[in-house]
Each structure stands twice: as C-alpha cells, then as structure tokens.
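Assembling the complex is the task here: the two chains are given apart, and the hints tell you how they should meet.
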Amino acid sequence: MPEPIRVGMSEIVVARAPRVLFTLGLGSCIAICVYDFFLKTGGMAHIMLPDSSLSSANTLTNRGKFADTAIPDLISSLQKEGAMKERMVVKIAGGSQMFNFNGLNSQVQIGARNIAAVEKIMAELGLKIVSRNVGGHVGRSVYMDLETGNVTIKMLNSPDVIL
Amino acid sequence: MIENLTPIQLDAIREVGNIGAAHAATVLSQLLNKRVSMTVPQVNILPLTEACDYVGGPEQPMVGVYLRIFGGAPSKMLYLFPEEKALWVAGLLINDPEKCSNLLGEMEISALKEIGNILTGAYVYAFSNFTGINMISSVPALAFAMVGAILSTILADLGEMGDFAVLIETQLTACDESVDGHFFLVPDPGSLATILEALGVKEGCQNQSGSECPK
Chain A
1062 MPEPIRVGMS
1072 EIVVARAPRV
1082 LFTLGLGSCI
1092 AICVYDFFLK
1102 TGGMAHIMLP
1112 DSSLSSANTL
1122 TNRGKFADTA
1132 IPDLISSLQK
1142 EGAMKERMVV
1152 KIAGGSQMFN
1162 FNGLNSQVQI
1172 GARNIAAVEK
1182 IMAELGLKIV
1192 SRNVGGHVGR
1202 SVYMDLETGN
1212 VTIKMLNSPD
1222 VIL
Chain B
504 MIENLTPIQL
514 DAIREVGNIG
524 AAHAATVLSQ
534 LLNKRVSMTV
544 PQVNILPLTE
554 ACDYVGGPEQ
564 PMVGVYLRIF
574 GGAPSKMLYL
584 FPEEKALWVA
594 GLLINDPEKC
604 SNLLGEMEIS
614 ALKEIGNILT
624 GAYVYAFSNF
634 TGINMISSVP
644 ALAFAMVGAI
654 LSTILADLGE
664 MGDFAVLIET
674 QLTACDESVD
684 GHFFLVPDPG
694 SLATILEALG
704 VKEGCQNQSG
714 SECPK
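Sequences listed follow chains A and B, in order.
Note that the working numbering gives residue 1092 to position 31 of the first sequence, counting from 1, and the numbers run on in steps of one.
Note that the working numbering gives residue 712 to position 209 of the second sequence, counting from 1, and the numbers run on in steps of one.
By construction, these hints were calculated from the structure, which means they are not laboratory data.
Don't take every hint at face value.
Partner residues are not named here, just some residues of chain B that face chain A (Cβ under 10 Å, in silico) [claimed, not checked]: (1) A554; (2) G560; (3) P561; (4) P564; (5) E617; (6) A648; (7) V650; (8) S655; (9) A659; (10) G662; (11) T697; (12) A701.
We put the CB at the ideal spot given by N, CA and C, even for glycine.
Chain B extracted, bound-state conformation (with noise of 0.2 Å):
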C-alpha cells in the first residue's frame, strides 16, 4: 500500500513534482512580473485522519482553488493560499491593486480561478511530458473557508480505497513574501501506480490491494 513506498520511489514522485512545479512557478513568476521561489516538493503519506491538521491547523482561514486531473492518472490538484496572500494575488491580475476590494467578491474569485488554471496547465504539462501520461484538468472551483474543511473535503472520496493520502506538495513564496502559497498533487490511490510504472520504478512497490508484489 501507499505508506510502504520505497526512497527510491519516493524521490521519483518528487523529481516528477519538481518539474511540474518548476513549470508552475516560472508561469507564476511571469504572470505577477516578480520572482518567485519554490521549495523541493515534500511527498508527504499522511493518514486522512491527520490531514486537516497540516498547513497550519484546521481552522486557518484560506482560499483554495482545486481541480480535477483526468487521464491516465486521475489525481486532484489544490492551490491554498492565506485570504489577504489570494486577495493580492487576484488584484495583481485585475491590474488595479489600489482598487483590489479585501473582500472576495466574483472578479477576485475568477482571477483566482484563473490562476489556478493556468498554473495547473503548466504543471500538468510538464508532468504529462515527463511521464508520457495523458493529462487534461477539469474547469477550477473555489472555496474560502477553514483549511481543514477544504482539505478533508478533498481527501474524503480516497477513504473509500483506504487511509492513507499521498501528497506532493511545493510551497511558492515570491521574494518580498507577498505571495505565500502552497500547492498540492493528489493522485488517486490507483494514479500512484500507474506514475510509478512511467517513472520506471515500480518494482518493489505493493500493488493497489495492498498484497505483496512477487519479489
């Protein structure tokens, strides 16, 4: 099962997660004309039932904009950013930060949008090409609310295969800390093998029902 992912299949995921995010960021970092930084992606295996507590406690106000990746690794996307970071983020694009309202009204929600658009076709590109998987993203939805809420909305439906989440996350900051985002891959428990058997590395691995592979 996914918790028992090798390091070296580990550091495939994250290799595969740096190159679409790299991908992200640059269109990011053209976008807002400022530059913007990323880290390594973390793979994180997390439970389900410690998920709404990662990125800074459950009850964290944010906006997040997701995403449904369809194809031939099913997986969910996810921008999450702080209300004022997203607010800012959208004035930029609105190109009249002096007017940016601070409430998220429906042009800051669909510049976000956008935004999560445009990042999520760069990244799913990148990974798509790396990979040779077909790819194509599903029109974005917005949420503002409780981090927990959006996340254990999102991780709900993998409870049906079993308890753990695998998430590959990257956090972006632009050099002066006005954009402060983190962004997630969520792969659906079958997408993991499918993306591990393209990377060349799924031997050793389990297979989706949790039994051993022959060695």
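Extracted from the complex, chain A is given alone in its bound form (with noise of 0.2 Å):
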C-alpha cells in the first residue's frame, strides 16, 4: 500500500489508486475531489479563499489558494494524466463558520463564500458536484479513496460521513 499524500492549504494533488490522498483541520477552507471512476485516478484540491482578484498581491504566488484558478488547474492536471471531463465526479467539504459572532456581522464569512464560488466555478466548466458535506461549525478531515473515489469526512465527536 502507497503512503497516504497529505494535500496542504493550497495545495493541489493528482494521484492514481490505489493512493489515498487526505488533508487534515479543514474549517472555513475546501477540500474539492475530482475523480476519473474509469482511470480510477483523481485529484484533490485545498482551497482557502473564493477569489484570486482579492489578491492585493502584485504577483499571484499560489493558484491553489483561490478557488477561481484552484479548480482549473486540478482540471486540467487531470485532463493531463488522461481524465475526461464526462467521467469527472466531483466533491466537496468544507466552508464551515468557525466562529458566530453573536449579533455582529463583521467578520466576513469566508466559508460561505467558498462554497458559492466552488458552485460556481463548477457550474461555469460544466460540472455536476454529486455530493458535499458543507458548511455548520465543525472542523474536518478529509480522506479521498482513489480505489474507490471514496471520499470520508471525520469530524470531532461525529460519526464518519462518506460521500
């Protein structure tokens, strides 16, 4: 068995089974799994925010931080090792609210908008995401099965969910 690839924030990783690819603590950031079932190969992607125009950096250094140039670069990654775009299964976890301040508004809820951009961007490149575990306030690890295109969530003090 192939070590486990841990997938960092913003990070972008491509693999094949029997490969498990997992990343560890995810709050308000993303884990988007993309998996070819035909190849069995897929690729996770750790997003942190919506929108690489927020950058006010003068140069982008890291793509795999921001869900708009996260998301084609795993695709095309993918497209790269041989994946087809029909066979694509999507999933996605986490965009929680880690902190609810009660009655203020103020903190903008970063969460929430990942997961609207994650859609979109989706959406825009004609793809379905088949299952999510979003959103609430927990805290969560993800594991994505390439045997299988598994993906597992383990959250403190609640029973696995597999998308």
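So, in structure tokens, the structure goes:
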C-alpha cells in the first residue's frame, strides 16, 4: 500500500489508485475532490479563498489558494493524466463558519463565500457536484480513496460521513 | 515582505508582545487566584500552508476564543486551550468547580468568552499604552474544534495579502499545570508596518507591496 499523500493548504495533488489523498483540519477552507472512476485517477485541491481578484499581492504567487484559479488547474492536471471531463465526479467538503459573532455581522464569512465560489466555478466548467458535506461550525478531515472514489469525512464527536 | 523582518524588528515585536502578555497573565492569575507563568513570546513567521500544523497537530481538539482588534493596527487575537483545561478554567470562574460539567455548555462558553475578553483587554491596553496606537477589541467568539480548522479559518483572509502570517505567541501555564494555554496576536498585514513604526524600528524594513524601501 503506497503512502497516503497529504494535501496542505493551497495545494493541488493528483494521483492514481491505490493511493489515498487526505487533508486535515479543514475550517473555512474547502477540499475539492475530483475523480475519474474509469482511470481510478483523482485529485484534491485545498482552497482557502474564493477569488484571486481579492489578492492584493502584485503577482499571484499561489494559484492553489483561490477557488477560481485552483479548480481549472486541478481539472487540467487531471486531463493531462488522461482523465475526461465527462467521467469526472466532483465532491466537496469544508466551508465551515468556525466562529459565530452573535449579532455582529462584521466577520467576513469566508466559508460561505468559498462554497458559493466553488459551486459557481463548477457550473461554469459544466461539472456537477455529486455530493457535498459543507457549512456548519465543524472542523473536518477529508480522506479520498482513489481505489473507490469514496471521500470520507471525519469530524470531532460525530460519526464519519462517506460521500 | 513580512518574511524578511530584521532581528531588531523581531526583538521589538517580541518586547511589545511581552508587555501585553505579561498584563494578560497577571489578570489571569488574579482571576483564577493561581500563580501563572508565561513564556517569553515567540514571534513566528509562518507560511500559511504550515499554519494549521501549528500547536500539536491539526486534528487536536481545542477550544479557541477569538477576538478582532480594531483601531490603528487591526489584528486578531486568539486563545487556545485544550478542552479539559478550558473546562477547568470555566469551572473556576463559574465558581462551582465541583458542579462543573464535563461538557462545554452555555455557561462554560460564556465564561471562556469572558476570560478571552478580560485577557484581551489587558493585553491591548498595555500594547496600546506602549505603542501609542489606539486599539479596541470586538466581542469574543468561541469555537470548539480541530485546532487546524480554527487556525486556518482565522488566518485565511491573510491569504489575500500574501503567503505568510506573523504570530506573536505566548504560552501560559499555572504552576500546577492546571492551565495550559496558547495565545496569539496576529497583526493584519498592514498593521505590522504601523506597529514597527510606532516602535521606531521601521527603518530597514520592506514596505507592504514587497519591494525594498530605499536604504
């Protein structure tokens, strides 16, 4: 069994069965899992923010950080491996709102904005999100098994969810 | 950029963090009626990609109390306690440690938020006095979750400005180890320059856009 590969914040990783891709402690970030069941090849992107136009850095140093740049990169890396868009299955997890300032709406709700951005970009690319485990106030760890395409979500004090 | 702070600048930030944290530790000690010791603050400049590995691994369950600081140098303040220590501290404040449930109920959450509030008040007051920067804190918010999820959420919006976060971290321990907390002051990207300027060590730094200041 090859080593599972950890996908860090703002990283994009593509691999084949029988590998497992995983990411730990997702809060407002989103893990985007795309799988080609025919090739048993899949990729995971761990995005932090919805839109690269938010970046005030002069140069965009890390395309994996933003939904609008990471998702096209993930799809094209998969296509380079031979994956076809028609066979791609998309599953997403994350996008929590970890802190609730009651009555004070000053906190920018990055989680919700991330979810909306991912949905919009997937729709633009003509990819359907088949299942999701998003929102709420929980932290999540996400494991993507490239043998089956199953995405397992672990949370504190609640049973695992398999997407 | 912030990853290129000079040793003198780091020292200055550490010192001002020290003053803030010392006030907060004193207040915590008075609140709990226990001797509380603190470490010399560490100024950590972390790539955001590594931030969620910080503090004992991303999946460690912790209680986080989070406040925003507004004013001259907008920042974030975060307190992290392991669950059982957080419950213990809350129990002391509720003043009925016997009855203290081992669940994070409404009372415990409220007590912990209040502690966050009081400590932040002390920290910010000292910080503000020392630097002459006006600072006000928001109401506290609380999360009980994997520490990676807490940290990554708080640091996410720093990603708009760059790939690094500056964390001014202090660890507090009561002498009997009943309290074991971390707390962090995380200046917003623009605030670091303001703080350095107030401390008189702006020279030799690089400006916010990442290009070199004239030497």
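Quiz item: Quick one, is the A648 (chain B) hint okay against chain A at 10 Å, beta carbons?
Solution: Check passed: Cβ of A648 (chain B) comes within 4 Å of chain A, closer than 10 Å.
Quiz prompt | Status of the hint placing G560 (chain B) at chain A (closest C-beta pair under 10 Å) | solution = The hint holds - G560 (chain B) has a Cβ within 10 Å of chain A, the shortest such distance being about 8 Å.
Quiz prompt | Restraint check, 10 Å cut-off on beta carbons, for S655 (chain B) near chain A | solution = 5 Å, holds
Exercise. Let me know if the C-beta of A659 (chain B) comes in closer than 10 Å to any C-beta of chain A, holds or violated.
Key: 5 Å, holds
Quiz prompt | chain A contact restraint for P564 (chain B) - C-beta distance below 10 Å | solution = At about 5 Å, which falls below the 10 Å cut-off, the nearest Cβ of chain A leaves the hint on P564 (chain B) intact, so it holds.
Quiz prompt | Supplied contact hint for V650 (chain B), tested at 10 Å Cβ to chain A | solution = 7 Å, holds
Practice problem: Using 10 Å as the Cβ threshold, decide whether G662 (chain B) counts as touching chain A. | Solution: Holds. Min distance 5 Å.
Quiz item: Once the shortest beta carbon distance from A701 (chain B) to chain A is found, is it less than 10 Å?
Solution: Violated - the Cβ of A701 (chain B) stays beyond 10 Å from chain A, reaching only about 23 Å at its closest.
Self-check item: Interface hint for T697 (chain B), Cβ within 10 Å of any Cβ on chain A
Solution: 17 Å, violated
Quiz item: Against chain A, with CB atoms and a cut of 10 Å, does the hint on P561 (chain B) hold up?
Solution: 3 Å, holds
Self-check item: Closest C-beta approach of E617 (chain B) to chain A relative to 10 Å, hint status
Solution: For E617 (chain B), the interface hint is violated, since the closest Cβ of chain A sits about 14 Å away, which is over 10 Å.
Quiz prompt | Given hint A554 (chain B) near chain A, where the shortest CB pair must fall under 10 Å | solution = At about 7 Å, which falls below the 10 Å cut-off, the nearest Cβ of chain A leaves the hint on A554 (chain B) intact, so it holds.
Comparing the model with each numbered hint stated earlier shows that hints 5, 11, 12 do not hold.
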